[in-house]
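Undergrad: Letter by letter, the chains look like this.
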Amino acid sequence: MADIAAPAYRVIPIIPALKSGAMDGSGPYVANDKIQEALGFPGHLVEGWHDRAIAKMGELLGKYRSLKVYMDTCVHCGACSDKCHYFIGTQDPKNMPVARQDLMRSIYRRYFTLPGKLFPKLVGARDLTREVLDEWHNYFHQCSECRRCSVFCPYGIDTAEVTMAAREILDSVGYGQKYSNEIIGKVHKIGNNLGLPGPALRDTLEGLEEDVKEDTGIDVRFPIDVKGAEVLFITPSADFFAEPHIDSLIGYAKVFHATGTSWTLSSMSSEAANFGMFIGNYEQLRKVALRIRQAALELGVKRIVVGECGHAWRVAYSFWNTLTGVGDGADQDDKFAMMLQKQLDHRYKQPMHVCEFTWDMIEQGALSFDKEANDKHIITFHDSCNVARGSRMGGYPGGQFDIPRNIIKAVANNFVEMDPSTTHEKTFCCGGGGGLLTDDLLDLRVKGALPRMEVLQQVVDEQGVNFMACICAICKAQFTKVMPIYGFDRRMVGGVHQLVSNAIKLGEK
Amino acid sequence: MTSILFAILFYFATLMFVVGTIYRISVYTRTPAPLKIPTTPAPINTGGVVLRMMREVFLFESLFKANLWTWAAGWLFHASLALVLLRHLRYFTEPVWAWVAFIQPFGTYAGITMLFGVAALWARRIFVERIRYISTPSDHLMLALFMVIALSGLVMSFIEHTDVVAVKGFMLGLMNIAWLHSDSQTLPSGIVLYVHLFMVAVLMMIFPISKLLHAPGLFFSPSRNQADDSREKRHTSAWGKQLEAEN
Numbered sequence: 268m269a270d271i272a273a274p275a276y277r278v279i280p281i282i283p284a285l286k287s288g289a290m291d292g293s294g295p296y297v298a299n300d301k302i303q304e305a306l307g308f309p310g311h312l313v314e315g316w317h318d319r320a321i322a323k324m325g326e327l328l329g330k331y332r333s334l335k336v337y338m339d340t341c342v343h344c345g346a347c348s349d350k351c352h353y354f355i356g357t358q359d360p361k362n363m364p365v366a367r368q369d370l371m372r373s374i375y376r377r378y379f380t381l382p383g384k385l386f387p388k389l390v391g392a393r394d395l396t397r398e399v400l401d402e403w404h405n406y407f408h409q410c411s412e413c414r415r416c417s418v419f420c421p422y423g424i425d426t427a428e429v430t431m432a433a434r435e436i437l438d439s440v441g442y443g444q445k446y447s448n449e450i451i452g453k454v455h456k457i458g459n460n461l462g463l464p465g466p467a468l469r470d471t472l473e474g475l476e477e478d479v480k481e482d483t484g485i486d487v488r489f490p491i492d493v494k495g496a497e498v499l500f501i502t503p504s505a506d507f508f509a510e511p512h513i514d515s516l517i518g519y520a521k522v523f524h525a526t527g528t529s530w531t532l533s534s535m536s537s538e539a540a541n542f543g544m545f546i547g548n549y550e551q552l553r554k555v556a557l558r559i560r561q562a563a564l565e566l567g568v569k570r571i572v573v574g575e576c577g578h579a580w581r582v583a584y585s586f587w588n589t590l591t592g593v594g595d596g597a598d599q600d601d602k603f604a605m606m607l608q609k610q611l612d613h614r615y616k617q618p619m620h621v622c623e624f625t626w627d628m629i630e631q632g633a634l635s636f637d638k639e640a641n642d643k644h645i646i647t648f649h650d651s652c653n654v655a656r657g658s659r660m661g662g663y664p665g666g667q668f669d670i671p672r673n674i675i676k677a678v679a680n681n682f683v684e685m686d687p688s689t690t691h692e693k694t695f696c697c698g699g700g701g702g703l704l705t706d707d708l709l710d711l712r713v714k715g716a717l718p719r720m721e722v723l724q725q726v727v728d729e730q731g732v733n734f735m736a737c738i739c740a741i742c743k744a745q746f747t748k749v750m751p752i753y754g755f756d757r758r759m760v761g762g763v764h765q766l767v768s769n770a771i772k773l774g775e776k
Numbered sequence: 016m017t018s019i020l021f022a023i024l025f026y027f028a029t030l031m032f033v034v035g036t037i038y039r040i041s042v043y044t045r046t047p048a049p050l051k052i053p054t055t056p057a058p059i060n061t062g063g064v065v066l067r068m069m070r071e072v073f074l075f076e077s078l079f080k081a082n083l084w085t086w087a088a089g090w091l092f093h094a095s096l097a098l099v100l101l102r103h104l105r106y107f108t109e110p111v112w113a114w115v116a117f118i119q120p121f122g123t124y125a126g127i128t129m130l131f132g133v134a135a136l137w138a139r140r141i142f143v144e145r146i147r148y149i150s151t152p153s154d155h156l157m158l159a160l161f162m163v164i165a166l167s168g169l170v171m172s173f174i175e176h177t178d179v180v181a182v183k184g185f186m187l188g189l190m191n192i193a194w195l196h197s198d199s200q201t202l203p204s205g206i207v208l209y210v211h212l213f214m215v216a217v218l219m220m221i222f223p224i225s226k227l228l229h230a231p232g233l234f235f236s237p238s239r240n241q242a243d244d245s246r247e248k249r250h251t252s253a254w255g256k257q258l259e260a261e262n
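Order-wise, the sequence lines are chains A and B.
For the first sequence, my numbering begins at 268 and goes up steadily by one.
For the second sequence, my numbering begins at 16 and goes up steadily by one.
Worth flagging that the hints you see were computed from the coordinates, not collected in a lab.
Keep in mind that a hint or two might mislead.
[As the list claims (entries may be wrong)] Listed below are the simulated DSS-like cross-link pairs for lysine-lysine, each with C-alpha atoms no more than 30 angstroms apart in a straight line: (1) B:K248 / A:K330; (2) B:K80 / A:K693; (3) A:K602 / B:K256; (4) A:K330 / B:K256; (5) B:K248 / A:K569; (6) B:K80 / A:K453; (7) A:K609 / B:K80; (8) A:K602 / A:K643.
Take these sequences, add in the hints, and give me the full structure.
TA: Below you can see the structure in the form of structure tokens.
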């Protein structure tokens, strides 16, 4: 790992030249048979994988309009070609979104379209070979499903959908990725990505209560498995132990304490993250999400609030209603959804992001802050990709950009923005999303962080920024790992609720 | 003889174009979108989605955000093409509608701007390394096709005039199935006209089996045509609901 170095900053906005084959290789570690079979996938590359892969592709083309339309409509205009952080960081042409899609589109054309069957060379179609399969495993694990390309595509083609389909096909022939599939297995078995069992979780929470008491002199509680609580709080399990995540967990608890909200965590459902989305498998996505439904029903809660996590919020905001019924507006005769929706309190958004919760409370005047407590920080905000382009907060489009910033400005005095071509819906992924937050992909992660690091360096140099806030567990983990390689202090990264935690006044209301 | 061949070609091309495109659209319509995946920030209701779609169709909003040069060339090409197509309605209607007569001069000059647009898009494909890398032979041929159509049309408009009255007679004859009652008109002869008509027929035939599907495809793109209302309304699909029945 000593040989992993940060690429040089570009003179913005230079578009890098192509370096063919720069990221050729075998991709991330392959899942072993134990990991694969736990999810119901074949343990290793099956006999007849070719026909099974094509059959699976046909099945997905019939189940997902996105995939079908996206395979057909691309005109190779190149609008997306310079938009991917992995392309910018690696210069490998196969990391241009259109080229990544074409790794699959070439197969689609060969087996599912007339011109591709008749004149493969003419339309860029090719046979599915073992080399192609390896190429898929490599390059579809160099996409973090961040959707930046889809913002710029004139047809809205979302490479994330293609990557998900490719991973789904790879899993179905026994060629899965170790990192994501191992983690999904842990959620099914124990209830969270880290494999943290209930007793350990309880210990951690008790420890936190003592820490906060020591720090503030106030009994801030971290309740777990409390039946009849009003709010079920679902947060990424990294919040329970990782730095700087845990500081945001303390922040959430202080907000609930200060507003007198009755809340609880669940030991059975102690994970907001849902790697089922990363591997594009609807059944896994659904199965992981159903734990939240189950916890909500068992604990009898009225509201569900979600902690700082990017893809988790996309899954919660965009998919939970469909997958689990957590939401509103189901048909009266939709028994599955109504069972839960009757229980929930629809005066509030279901589910609600913790930033929406906190901002509501700030607007209602239920919280007060000592903003000077954050004066040591000059803060900027990194929009997390899944929140920015796959979800919303508040009642209007773009609320997901304003609400976290509003909170920061309410709890701190020094806030500056980074280059606007890299924020809001144009934000860059941290480089570690989409199931790539694993050490066997560290080289890719470092290179993928380049565009964010460049503009961070700008505000550091020009405005003295020393804190980059974000609202995603993966962003936090990725940045603390790669920022030292770029010469930044790892403690520059933290959550929005970490800033809330610093400034919130407890026990004065 | 040539007239009969072109008559057959145009009937066949029209059949492929219409049936092929309807088939494609029916596949898109039938294929479910199981999850809500609008690229956000997205409109929160149907009215907003219609506006977003109109901005994409008429202004190429996303492409504008992506790359100004591609946007300029692409928009010039498409807007010109639209004008040219509308102008050509005069060869298929009798009497000619007033607004078609009005745009006639603009439509003629749009042929020139269309050529510029195609040339710019092609230049980009040849000279920009990234675009060259992703281009397939069919991408180049498609531009060649449009270039030949535009050039041959311009030659007939400005240099070697063809007998447009006779061409119109031929087209109206095709539309009225005139050969059934034997008052059909023959196509005037001329190599430029033949090239022009042949390439247009080719274009119609490959429309439903090529990337030209981007035209209907845009309307079915879930990242653009879905409203951002996943918390307010439960979005379901038949096969997704099926899983609920199973446990």
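Undergrad: All hints are to be evaluated individually against the structure, with a verdict given for each.
TA: So, going through the hints one by one against the coordinates:
| no. | hint | in the structure |
| --- | --- | --- |
| 1 | B:K248 / A:K330 | holds (21 angstroms) |
| 2 | B:K80 / A:K693 | holds (10 angstroms) |
| 3 | A:K602 / B:K256 | holds (11 angstroms) |
| 4 | A:K330 / B:K256 | holds (13 angstroms) |
| 5 | B:K248 / A:K569 | holds (18 angstroms) |
| 6 | B:K80 / A:K453 | violated (41 angstroms) |
| 7 | A:K609 / B:K80 | violated (43 angstroms) |
| 8 | A:K602 / A:K643 | violated (53 angstroms) |
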